[in-house]
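> Here's the letter readout for the chains.
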Amino acid sequence: DSGVTQTPKHLITATGQRVTLRCSPRSGDLSVYWYQQSLDQGLQFLIQYYNGEERAKGNILERFSAQQFPDLHSELNLSSLELGDSALYFCASSVISPTLSHEAFFGQGTRLTVV
Amino acid sequence: TQLLEQSPQFLSIQEGENLTVYCNSSSVFSSLQWYRQEPGEGPVLLVTVVTGGEVKKLKRLTFQFGDARKDSSLHITAAQPGDTGLYLCAGAFVGLGSQGNLIFGKGTKLSVKP
Chain A
1 DSGVTQTPKH LITATGQRVT LRCSPRSGDL SVYWYQQSLD QGLQFLIQYY NGEERAKGNI
61 LERFSAQQFP DLHSELNLSS LELGDSALYF CASSVISPTL SHEAFFGQGT RLTVV
Chain B
116 TQLLEQSPQF LSIQEGENLT VYCNSSSVFS SLQWYRQEPG EGPVLLVTVV TGGEVKKLKR
176 LTFQFGDARK DSSLHITAAQ PGDTGLYLCA GAFVGLGSQG NLIFGKGTKL SVKP
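Chain order of the listed sequences is A and B.
Residue 93 in my numbering sits at position 93 of the first sequence; the count goes up by one each step and never skips.
When you read off a place in the second sequence, starting at 1, and then add 115, the result is the number in my numbering.
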């Protein structure tokens, strides 16, 4: 158990809909990352938050947004869903050390299926 | 664009064989991690390397960080079926803009047959 909790584990929804994925980081971790993993694209970085503030942005679509709340949990919102958005969505948390060792601990993921 | 290339993409071997997978980039890493992922699960951290030339051993797994901190390798000795999984390397890059996020390679899918 990594200590990172993601809900729901599975989600099936129709095209055009909007969903929210939730992540609770490990106790004490200030940084939260969201990744998308599909069969042909590997693990793609979407966005990172650190202590409530957006820290870095990857290949995140404009239809997707995220936020980190004061209690450090994070939500990833996916809207106007398309078939191609079907993927595993992972949340990870870490503490950024002074040596810049960014060790990430992953949740078990949310498998999103858009039909 | 900072890229991490892993090779081979797929590897199928018999139990007891040795193997090496590689992770390469044209950029310098401030640190590099190796993860193992099983189907339907999140990646699990195996090791972090920080110093150029560093070698770390984890039972039958040996991790090496290149002197220039641009590449890394994972060597497994006497592979077992339990080693089956997707092996991912991830790097945090030196310089502005890394901001703490990790860049992942696409992974090496290892299958060890009994």
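Treat each hint with caution, since some may be false.
Quick list of in silico lysine-lysine cross-link-like pairs, DSSO-like style, CA-CA up to 27 Å [what the hints assert, rightly or not]:
id	chain 1	residue 1	chain 2	residue 2
1	B	Lys172	B	Lys224
2	B	Lys228	B	Lys185
3	A	Lys57	B	Lys171
4	B	Lys221	A	Lys9
5	B	Lys171	B	Lys228
6	B	Lys172	B	Lys185
7	B	Lys185	A	Lys57
8	A	Lys9	B	Lys174
9	B	Lys221	B	Lys172
Which bits of chain A does chain B cover? Going by a derived footprint, with three or more residues having C-beta under 8 Å, they are [stated by the list, open to error]:
id	stretch
10	45-56
11	76-83
Think of the hints as simulated: they come from the structure by calculation, not from any bench.
Note that the structure is a prediction, hence the values are computed from the model and not measured.
Glycine residues also receive a C-beta, built at the ideal position from the N, C-alpha and C atoms.
> Out of the numbered hints, which ones does the structure contradict?
Violated: hints 2, 3, 8 and 11.
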